[in-house]
Amino acid sequence: LNDRSVEFCGVRLRGPILNGSGTFDAIAARRAFGDALLERFPFDAFVSKTITLEPRQGNPPPRLWETPAGLINSIGLPNKGLTGFLESDLPELAGLPVSLVVSVMGFSRDELATLVAAAGEPDEVAMLELNVSCPNVETGLVMGADPVETARAVERVRPETEKPLIVKLTPNAADPAAVAAGAQDAGADAVSLVNTLKGMALDPETRRPWLGGRTGGVSGPAIRAIALEQVAAVASRVEIPVIGMGGIASGRHAADFLAAGASAVAVGTESFRDPAAGRRIAAELADLSLTGESLQPASPRV
Amino acid sequence: LTEPRTLAPPERRVATVSGVERLGAYDLITALDRFGPSDPRPGQFYMLAAAREWGGGGDERPYLPRAFSYARARVESDGVALSFLLEAVGPGTERLSELGPEEGLALVGPLGVGFRPPAGETRPLLVGGGIGVAPLLCWQEELAARPPAAAAPADAPPAVLLGFRSAAHAQAAALFGPGPQVVTDDGSVGREALVTELLAAELDDDSDATVYACGPPQMLEAVRALCAERDVPAQLAMESGMACGFGACFGCVVPTRNGYVRLCVDGPVMDAADLETALVAGVGH
Numbered sequence: 001l002n003d004r005s006v007e008f009c010g011v012r013l014r015g016p017i018l019n020g021s022g023t024f025d026a027i028a029a030r031r032a033f034g035d036a037l038l039e040r041f042p043f044d045a046f047v048s049k050t051i052t053l054e055p056r057q058g059n060p061p062p063r064l065w066e067t068p069a070g071l072i073n074s075i076g077l078p079n080k081g082l083t084g085f086l087e088s089d090l091p092e093l094a095g096l097p098v099s100l101v102v103s104v105m106g107f108s109r110d111e112l113a114t115l116v117a118a119a120g121e122p123d124e125v126a127m128l129e130l131n132v133s134c135p136n137v138e139t140g141l142v143m144g145a146d147p148v149e150t151a152r153a154v155e156r157v158r159p160e161t162e163k164p165l166i167v168k169l170t171p172n173a174a175d176p177a178a179v180a181a182g183a184q185d186a187g188a189d190a191v192s193l194v195n196t197l198k199g200m201a202l203d204p205e206t207r208r209p210w211l212g213g214r215t216g217g218v219s220g221p222a223i224r225a226i227a228l229e230q231v232a233a234v235a236s237r238v239e240i241p242v243i244g245m246g247g248i249a250s251g252r253h254a255a256d257f258l259a260a261g262a263s264a265v266a267v268g269t270e271s272f273r274d275p276a277a278g279r280r281i282a283a284e285l286a287d288l289s290l291t292g293e294s295l296q297p298a299s300p301r302v
Numbered sequence: 001l002t003e004p005r006t007l008a009p010p011e012r013r014v015a016t017v018s019g020v021e022r023l024g025a026y027d028l029i030t031a032l033d034r035f036g037p038s039d040p041r042p043g044q045f046y047m048l049a050a051a052r053e054w055g056g057g058g059d060e061r062p063y064l065p066r067a068f069s070y071a072r073a074r075v076e077s078d079g080v081a082l083s084f085l086l087e088a089v090g091p092g093t094e095r096l097s098e099l100g101p102e103e104g105l106a107l108v109g110p111l112g113v114g115f116r117p118p119a120g121e122t123r124p125l126l127v128g129g130g131i132g133v134a135p136l137l138c139w140q141e142e143l144a145a146r147p148p149a150a151a152a153p154a155d156a157p158p159a160v161l162l163g164f165r166s167a168a169h170a171q172a173a174a175l176f177g178p179g180p181q182v183v184t185d186d187g188s189v190g191r192e193a194l195v196t197e198l199l200a201a202e203l204d205d206d207s208d209a210t211v212y213a214c215g216p217p218q219m220l221e222a223v224r225a226l227c228a229e230r231d232v233p234a235q236l237a238m239e240s241g242m243a244c245g246f247g248a249c250f251g252c253v254v255p256t257r258n259g260y261v262r263l264c265v266d267g268p269v270m271d272a273a274d275l276e277t278a279l280v281a282g283v284g285h
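As you go down the protein sequences, you meet chains A and B in turn.
So that you can map any letter, position 35 of the first sequence is 35 in this note's numbering, and since no number is skipped, the others follow by simple counting.
So that you can map any letter, position 216 of the second sequence is 216 in this note's numbering, and since no number is skipped, the others follow by simple counting.
To be clear, the hints were calculated from the coordinates, so they are not data collected in a lab.
Some hints could be false.
Heads up, incomplete: computed chain B residues facing chain A, CB under 8 Å, no partners named [unchecked claim]: (1) P9; (2) E60; (3) G104; (4) V108; (5) A248; (6) F250.
C-beta atoms are modelled at their ideal positions from N, C-alpha and C, and glycine is treated no differently.
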């Protein structure tokens, strides 16, 4: 009865709750919380922050803006680059008590292939996630906004690893389900969604963009209804498993995403409010299941 | 490693408000934390939110918790009483300032790194502006309680220099007892001057000091520039908008000579020598 474990793309996870990439830094959190973090680790698998081939400093501040029930971030993918990740971060992440998913992003298909090959090599890495929410410098198109671009990227990297490949879908696409189908047909093992929705905020005094990166991505409860619809649309279109996320803050929300067709769910912005949000949501979800509430959507209440 | 960092439990917990003291423009809110460490380090901070009704205020906010350096920590039989100085300036601080006795204060912390001891035998000089006086209060208490062998000179309490906008704000100086020199922007309490003028005068007298400063960005930048010019070591407790407080969101970066660093895990107390400026876009808004 206490077995919450799930099999995801052939990998046994201790439960269905992941973190969204870039919403939890296990290395920094260990500095703040010590070994208690490992003893009470909030997630059932850990997804790394996105790594790129070269190190990045990220966007100039300000990087954050609070919205009604949410947040706009313009972080700009700061990371140590592939070599820095493999040499200094991976050994620490290997000490986590859960499976490791490494998120990668390339500015061309070849760059993505290099990242997948190198990050997929170590035994400590269980799965890879492709962040395709970025412009391809060769075509100028955002890979994940277009089914054909996404399929080409997945086709290019598929031969580079035998490990499960998850494609992280952007909600800033005309038809995310078509992009998911393109990813599936090109050999992806799973899709995850949603990434943040594009947004902006103006400085109340100057009326100029507040964020250093001008625009950013909206996350949190503000986007949950949009995310739930996209997860349902994608899950009904593809056969491969779906990781659902977008404003999940309770076990009931997690149950909704699972009922909409997700095989696992991820917690993101809620972890900013409570570092243990993943554990709390897992417990609430288990309670819902144990008390006989099925994982069917609750009847709409008006 | 000897960095002044007490670890936080890895979850949000709820403390119980035990008192709210009005201090002119500010509130000093005290809450009993039964589940956290009793020994936070001066300069460390907590992420705070009302345990209930956090949201639905002005602009349908707040949503995220708010970062506050603690002003005082008193060990009691059933926990530690943590005090925070706050001024209601937005939807988050307005909600926090409404909290009354027995209500829940959700918190995560202590977080970040605190103040480090003075360099060598130098005397500590504490410089606070506005709400930034908060972390200097517990730091002053700790410095004053040091064994005489560690304090230099043994009979002198740490010098405290405080600047405020107005008489209402200057009421926070009472927390420090009779010791501090106080100036205001409008001359309503003490001289009409900037606190950095007091600092310059102190350094003219005796520049063998370690400066500890917390306040608005323009004040911190003036302290940084003055200390750099006079080759005086300084530690600045800085501020930056934070979503999480424990390194997850990467939102609170400040520029340093070594690139951007997250203020929540590598600060909030920064060595002034690592900074080219204490002014950060979007801070002090």
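Hints, one by one, checked against the model:
{"no.": "1", "hint": "P9", "verdict": "6 Å, holds"}
{"no.": "2", "hint": "E60", "verdict": "3 Å, holds"}
{"no.": "3", "hint": "G104", "verdict": "14 Å, violated"}
{"no.": "4", "hint": "V108", "verdict": "6 Å, holds"}
{"no.": "5", "hint": "A248", "verdict": "5 Å, holds"}
{"no.": "6", "hint": "F250", "verdict": "5 Å, holds"}
Comparing the model with each numbered hint stated earlier shows that hint 3 is the single one that does not hold.
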